[in-house]
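Residue numbers (our numbering), protein chains in the order written: chain H, -17 to 407; chain R, 6 to 319.
Hints may contain errors.
Stated by the list, open to error - Covered stretches of chain R (in silico footprint by chain H; criterion: 3 or more residues with CB under 8 Å from a CB of chain H, positions within the stretch not fixed):
#1 114 to 120
#2 132 to 141
#3 195 to 207
#4 296 to 309
What the hints assert, rightly or not - If you only want the chain H side, here are some residues facing chain R, beta carbon under 8 Å, derived:
#5 Y146
#6 S176
#7 T253
#8 V299
No lab work stands behind these hints, which were simulated from the structure alone. Idealized CB from N, CA, C, for every residue including glycine.
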Amino acid sequence: MSSLLITGATLADGTHADLAVVDGLFVDPAEAPQGATRIDADGLLALPGLVDSHTHLREPGREDAETIASGTLAAARGGYTCVHAMANTDPVTDTAEAAEFVADLGRRQGHCEVRPVGAITKGLAGEELAELGLMAKSSAGVRVFSDDGRCVSDPLLMRRALTYVLPFDGVIAQHNQDARLAGPGACAHESELSGRLGLGGWPAVAESIIVARDVQLAELCKSRLHVCHVSTAESVEVIRWAKKRGIRVTAEATPHHLLLDTSLLEHYDTTFKVNPPLRTNEHIEAVREALADGTIDMVGTDHAPHAPQDKDHPFDVALPGMLGLEQALGVVMDVMINTGRMDWATLVQRMSVAPAAYGRVASQGRPIAVGEPANLVLVDPSARGVVDRAQGASIAKNNPYHGRNLPDPVIATVWAGRVTYQRGT
Amino acid sequence: MKGLLSAADLNAHEIESILDVAEEMHTIQQRPVKKLPALRGRTIVNLFFEDSTRTRTSFEIAGKWLSADTINVSAKGSSVSKGESMRDTMMTLDSMGVDAFVIRHSSSGAVAQAASWVKAQCINAGDGQHEHPTQALLDAFAMRQHFRTLGEGGSFAGKRIAIVGDLLHSRVVRSNVLLQRTLGGKVTLVAPPTLLPMGVDTWGCEVSSDFDAVLDEADIVMMLRVQRERMSGGFFPTAREYAASYGLTEERFARLSPTVGICHPGPMNRGVEISSAAADAINSLVLDQVSAGVAVRMSVLYHLLGGADEEGQL
């Protein structure tokens, strides 16, 4: 197997080191073989490979929007060495066989580790539990279960799911959307703007009401709950309260909810249609603060590729979702690091350690140290650029950052000792 | 400026010009032979993604009387179900050499999106719960005529216009508020709180749930249709209760000065938001609004497609 020698890198704690990789593990640089591929990392930060808690890869079913190959290449270009592939594919990942199909395809074609997420309910219908135990026991080793895209509305079914996954240490990841308060027509944050544009309002409380219900169910069941894509100040308050009580809850924030606001909907550009919707500054500030203080544990991209024929429709009809993998680190840097809200060590917690622990991914989120799996990303903290959606690796081009000047930090990504992306090559 | 997407696109001068030309068109409407050659050779597609008898007919007649070739396309049913995106639908028709699209769509913003995809001019004939600018223009036309009948000038400055009904789901109210913001009319919105749009307090109008108090001050009362299915949506309990608080009932009509103009964009729910006594009254402008619709739409088409300015500027 190939070997690497990375020289002059700076670690998240500020120390400098040469890093050597042999057979997928970090080794003492003194033991690096003569023929090792050298990467000059002078002036670059070496961080553990990023882990995404929330990715839509669209394969099987919508290979015209994204495949496991194209989506994981986007992940590698964004500094990721592991993604959690959401279950809302066609067919839905609601059986052991379906989960193994995704995991196998990841092993064969992936540019990073692909951890399948299993559906909570059969066909995401919200009625009967999917085969959670068989998915957990399968070779895919599923630990994260989610009907993401749809909320498990039935509180009793939610309680059963939380209870059922206890023996195999599963976690139930909820898409928080009260189906009555934010129904099918809800497509814009309920605000002065939605009223003026005549778009169906998606009120903030439709999210926090479900979060408040579910953290109490998690407490009752002593089980693990994960709050997907936190977008409101009220949800943050509920999670803060739950954590103080010792409830086993984790939460994620998306790059777009950290940066983009509802005013982008002014001209009905469906690129900015996402679920939950882009919010207002008070919510954005609360989400940023929560990510800084750890109330929100991790960044999950909710990378959601959509083909143009699913976006080029009236706003209320177009599918919700936007890309995120390639720009996530740049967005988090600009919002959290460059503003002094967060240091690099905390960023590593939020973008690598916490999402790996959440998904029980043993090989990821590990320190950069001798004997550890060689997953890392080399970062140039000063590089910036204007995002061009045409340059993205994803098949779909619904990139909400197109035309924005953002940090463009990823110089190279190494997954299990293999260079999966290197700038300029 | 290209096309007409929002009532906010028009300045006071443009509105006045549209209404003045509409008056000339209105006199032509009374002639036995109504045809003008102004838009000969121009092609207008009435593209209705949502059914509408009155607006479509009104636009069709307007185009025909100006000698344009008007074609009606019913594109009802979402193009999603046909497997074609709205963008493809628009670009396909645009490629045929259309000069203007008159578009009605059940989705807010759909006309603005369409305009961004085509070369032809686009006229918003109602988009979802967003806007219906030609309705606001024809309302203004009928109101102005009414003021003149009373021996007043045609100015809206200081005129008190009450708009009453389902404001949440109404595109008519948004366009009227925007148009009157430019014309200087004082709009008061009246509705049960469940039928008020979010952020209505930022629209620069008075907002009230006391119809009787507002009625005593009004120069114009515009009643909006309240759909019966809103009851099942929990917006109000019964038609009876709605009418008692927010309807222009016979009792309220009896208190009204005959100088107050009564408007309704139609179709009317007699007995719910408006009593027959009010709808058929001498000071009811309901049929004047319909008749103004053709004249105003002729004027809008003429401003966009005819005249000396080849750029289609209003």
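Checked hints:
Residue count for the region 114 to 120 of chain R with a Cβ under 8 Å from a Cβ of chain H: 4. That meets the three needed, and the coverage hint holds. Evaluation of the coverage hint for the region 132 to 141 of chain R: fulfilled, as 5 residues show C-beta separations to chain H shorter than 8 Å, against a requirement of three. Residue count for the region 195 to 207 of chain R with a Cβ under 8 Å from a Cβ of chain H: 5. That meets the three needed, and the coverage hint holds. With 0 residues carrying a beta carbon less than 8 Å from a beta carbon of chain H, the region 296 to 309 of chain R misses the three-residue requirement, and the given coverage is violated.
Proximity of H/Y146 to chain R is violated relative to the hint, the smallest CB-CB distance being about 35 Å (cut-off 8 Å). The interface hint given for H/S176 is met, as the beta carbon of that residue sits about 6 Å from the closest beta carbon of chain R, less than 8 Å. Taking 8 Å as the C-beta cut-off, the interface hint given for H/T253 is violated, the closest approach to chain R being about 12 Å. A distance limit of 8 Å between C-beta atoms decides the matter here; for H/V299 the minimum to chain R is near 6 Å, and the interface restraint holds.
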